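Generate the whole structure from the sequences, applying the supplied hints.
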Amino acid sequence: MALDPQLLEILACPDDKGPLLYFADEDALYNPRLKRRYSIVDDIPIMLIDEAETVDDAEHDRLVAKAESDRIAPTFEA
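For the sequence shown, our numbering gives the first residue as 54, with consecutive numbering after it.
It is possible that some hints are incorrect.
[Unchecked claim] Computed cross-link-like contacts, DSS-like style, restricted to lysine-lysine with a CA-CA straight-line distance of at most 25 Å: (1) Lys119 - Lys88; (2) Lys88 - Lys70; (3) Lys119 - Lys70.
[Stated by the list, open to error] Pair ranges (Cβ atoms, derived): (4) Asp110 - Gln59: 26 to 36 Å; (5) Gln59 - Arg124: 12 to 22 Å; (6) Ala111 - Asp57: 23 to 33 Å; (7) Lys119 - Ile99: 16 to 26 Å; (8) Ala111 - Gln59: 31 to 41 Å; (9) Leu87 - Ala126: 14 to 24 Å; (10) Ser92 - Ile63: 17 to 27 Å.
Hints are computed from structural coordinates only; laboratory data are not their basis. Values in this document were obtained by computation on a predicted structure and should not be read as measured data. Note that beta-carbon positions come from the ideal geometry of N, C-alpha and C, so glycine has one too.
Printed below as a string of structure tokens:
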């Protein structure tokens, strides 16, 4: 199940307060500026900095390329 579009419009990174990329098929929200991925568990975004995963350069490149190819827009315009 996908996250509610209204929720996506207000979701921001808890660290830098910027927009996120939503990967519904991976149950994740991603902040490309900090290379930080937030999990979504049972349709609930886990927006805790301590529980976020910092990704390596290769994974960052993959996520950014996927967002571009799948036309995934940020949760809001900064």
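> Lying within 23 to 33 Å: is that true of the beta-carbon distance Ala111 to Asp57?
Replying inline: Given range 23 to 33 Å: holds, Cβ gap about 32 Å.
> Has the hinted range 26 to 36 Å been met by the Cβ atoms of Asp110 and Gln59?
Replying inline: The hint (26 to 36 Å, Cβ to Cβ) holds, given that Asp110 and Gln59 are roughly 34 Å apart.
> Do the Cβ positions of Ser92 and Ile63 conform to the proposed distance bound of 17 to 27 Å?
Replying inline: Once the Cβ atoms are compared, 18 Å apart, the range 17 to 27 Å for Ile63 and Ser92 holds.
> Given the proposed pairing of Lys119 with Lys88, does the C-alpha separation stay at or below 25 Å?
Replying inline: Since the Cα atoms of Lys119 and Lys88 sit roughly 14 Å apart, the hinted pair holds (cutoff 25 Å).
> Holds or violated: are the alpha carbons of Lys119 and Lys70 at most 25 Å from each other?
Replying inline: Holds, at about 22 Å.
> When you take the CB atoms of Lys119 and Ile99, is the distance between them in 16 to 26 Å?
Replying inline: At roughly 21 Å between Cβ atoms, Ile99 and Lys119 fall inside 16 to 26 Å, so the hint holds.
>> Given a hint of 14 to 24 Å, does the C-beta separation of Leu87 and Ala126 actually sit inside it?
In response: holds (19 Å)
>> If I claimed the Cβ atoms of Ala111 and Gln59 lie 31 to 41 Å apart, would that claim hold in this structure?
In response: Since the Cβ atoms of Ala111 and Gln59 sit about 34 Å apart, the hinted range of 31 to 41 Å holds.
> Is the straight-line distance between the alpha-carbon of Lys88 and that of Lys70 25 Å or less?
Replying inline: Distance ~14 Å between Lys88 and Lys70 Cα, so the pair holds.
>> Please check whether Gln59 and Arg124 have a Cβ separation lying inside 12 to 22 Å.
In response: holds (20 Å)
When the structure is compared with the earlier hints, no violation turns up for any of them.
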